[in-house]
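A.B. asks: Top to bottom, those sequences are chains A and B.
FYI, the numbering for the first sequence is 1084 to 1304, going by my numbering.
FYI, the numbering for the second sequence is 14 to 203, going by my numbering.
Possibly wrong hints are sitting among the right ones.
[Unchecked claim] Partner residues are not named here, just some residues of chain A that face chain B (Cβ under 7 Å, in silico): (1) GLU1091; (2) LEU1116; (3) ALA1132; (4) ALA1144; (5) ALA1213; (6) MET1261.
[As the list claims (entries may be wrong)] In silico contact screen, one side only, chain A against chain B (beta carbon under 7 Å); selected entries: (7) GLY1100; (8) SER1101; (9) LEU1108; (10) THR1115; (11) GLU1128; (12) ALA1129; (13) SER1133; (14) LEU1134; (15) ILE1135; (16) GLU1136; (17) MET1141; (18) MET1143; (19) ALA1147; (20) ARG1154; (21) PRO1184; (22) VAL1271.
[To be verified] According to the in silico footprint, chain A covers these stretches of chain B (three or more CB under 8 Å from chain A): (23) 51 to 60; (24) 76 to 90; (25) 112 to 121.
These are computed hints drawn from the structure, not numbers from a lab.
Backbone N, C-alpha and C fix where the C-beta goes; we use that ideal spot for every residue, glycine too.
The residues making up each chain are set out below.
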Amino acid sequence: MITHHPSEELIAAYAAGSLDEANALALATHLTLCPACRREAAAYEALGASLIEELPEMAMAPDALSATLARVRGETPAMATIGASQLSRHAPASQIMLPAPLRHYVGGDVDTDKWRTLGPGIQHMPLVAADGVTARLLRIAPGRSVFDHSHGGTELTLVLNGSYRSQGQRFVRGDLEMADESIQHRPVAGTEDVCICLAVTDAPLRFGNWIGRLMQPFIGI
Amino acid sequence: MSDLKPATGSERMTQLLSVMKAAPDEVAFAELFRFYAPRLKSYMRKLGAAEDIAEELAQEAMAMVWRKAHLFDSDKAGAGTWIFAIARNLRIDAFRRQKRPEVELDDPTLMPDDPLSPEAELDYGQQARAVRAALATLPSEQATIVHLSFFEDKPHAEIAEQLGIPLGTVKSRMRLAFQRFRKALGEPVS
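Using the sequences provided together with the hints, build the complete structure.
C.D. replies: Okay, structure coming up:
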């Protein structure tokens, strides 16, 4: 049961198309898992449609319609994207299923060899770095804690498997935690399973302990 | 802005797109094109595209409407919303050379809509009308922020700088505008 959602400001920015790619990836992934936020995003897209419908018309080239028709005539209809049936053949039910937006960045499911070790029991997989914002998957062994860190900017963390505790609250699959510079963040993975989450950061993390500070230049987070 | 024409207009557009979903139809497409292409060109211009690029992007967006019409689902969105999403993704791709992460409706991990939730009471046509009505009654300083957030590819901090107002004011006006939209949609105001 999802109880932690993105702010409406983030949902609106996703719908407007003004979010950077890394944050947009976190939003698309959360929306896949959360029908309530999906509905809210649809409302903001309807708002975008209203705004466009009210814009003044700008004259198109005289032959614009025939040029566009010429462009599409004779094309074969676009094939639907990979359907559910194709996916299920490649992904046994026992695997941790990543929502489609993430799967495109990972290039498959989570059992790949792209994980890199960050520290004892913690691995990461960088996915996007654009406009100064980075998205990466984190894999944390059951019961492990991530380095004590705070944030120069903001961090979104979206749980995909297992759970973690932070600030006295529990986060499970689909939950999205928003943290900013005011929060000293020391997430601890649940003991029931490995915790996999998507972390989006818009400034380098600041580690609270010397080992984290020491490692920071080497691991690049 | 307040007369009924846009409402009847956008419902007509949804019907036309449903015709194209069934089979490619140049007559339906021509009418959609006449309505949306000049507005999409306006949208691209507002976001900073030069005249020739805006023309090209408006044509390409409409070509994508043709190519993807078989995927249109009038239960999920009206034509305007669907076409807005196509144009938005196209300009993210063209201006920023970035991919647009999108929800995929045939994704096996997609959590289906809960048909019993109270939010699901408005259908998408009603939702669009409610949003339009709320937009029309928005105080101008809130409407400005809403316009900028859709038509300027900028974070809120830059919008604040441009308007010469504090970031907190941008955020609070945004929040007030959102409250109106939520209220119009019959959702709990947080």
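A.B. asks: All hints are to be evaluated individually against the structure, with a verdict given for each.
C.D. replies: Tested hints:
{"no.": "1", "hint": "GLU1091", "in the structure": "holds (5 Å)"}
{"no.": "2", "hint": "LEU1116", "in the structure": "holds (5 Å)"}
{"no.": "3", "hint": "ALA1132", "in the structure": "holds (3 Å)"}
{"no.": "4", "hint": "ALA1144", "in the structure": "holds (6 Å)"}
{"no.": "5", "hint": "ALA1213", "in the structure": "holds (6 Å)"}
{"no.": "6", "hint": "MET1261", "in the structure": "violated (14 Å)"}
{"no.": "7", "hint": "GLY1100", "in the structure": "holds (4 Å)"}
{"no.": "8", "hint": "SER1101", "in the structure": "holds (6 Å)"}
{"no.": "9", "hint": "LEU1108", "in the structure": "holds (4 Å)"}
{"no.": "10", "hint": "THR1115", "in the structure": "holds (5 Å)"}
{"no.": "11", "hint": "GLU1128", "in the structure": "holds (5 Å)"}
{"no.": "12", "hint": "ALA1129", "in the structure": "holds (5 Å)"}
{"no.": "13", "hint": "SER1133", "in the structure": "holds (5 Å)"}
{"no.": "14", "hint": "LEU1134", "in the structure": "holds (5 Å)"}
{"no.": "15", "hint": "ILE1135", "in the structure": "holds (5 Å)"}
{"no.": "16", "hint": "GLU1136", "in the structure": "holds (6 Å)"}
{"no.": "17", "hint": "MET1141", "in the structure": "holds (4 Å)"}
{"no.": "18", "hint": "MET1143", "in the structure": "holds (5 Å)"}
{"no.": "19", "hint": "ALA1147", "in the structure": "holds (6 Å)"}
{"no.": "20", "hint": "ARG1154", "in the structure": "holds (5 Å)"}
{"no.": "21", "hint": "PRO1184", "in the structure": "holds (4 Å)"}
{"no.": "22", "hint": "VAL1271", "in the structure": "violated (26 Å)"}
{"no.": "23", "hint": "51 to 60", "in the structure": "holds (count 8)"}
{"no.": "24", "hint": "76 to 90", "in the structure": "holds (count 8)"}
{"no.": "25", "hint": "112 to 121", "in the structure": "holds (count 9)"}
Violated hints, listed in ascending order, are 6, 22; each of the other numbered hints is respected by the structure.
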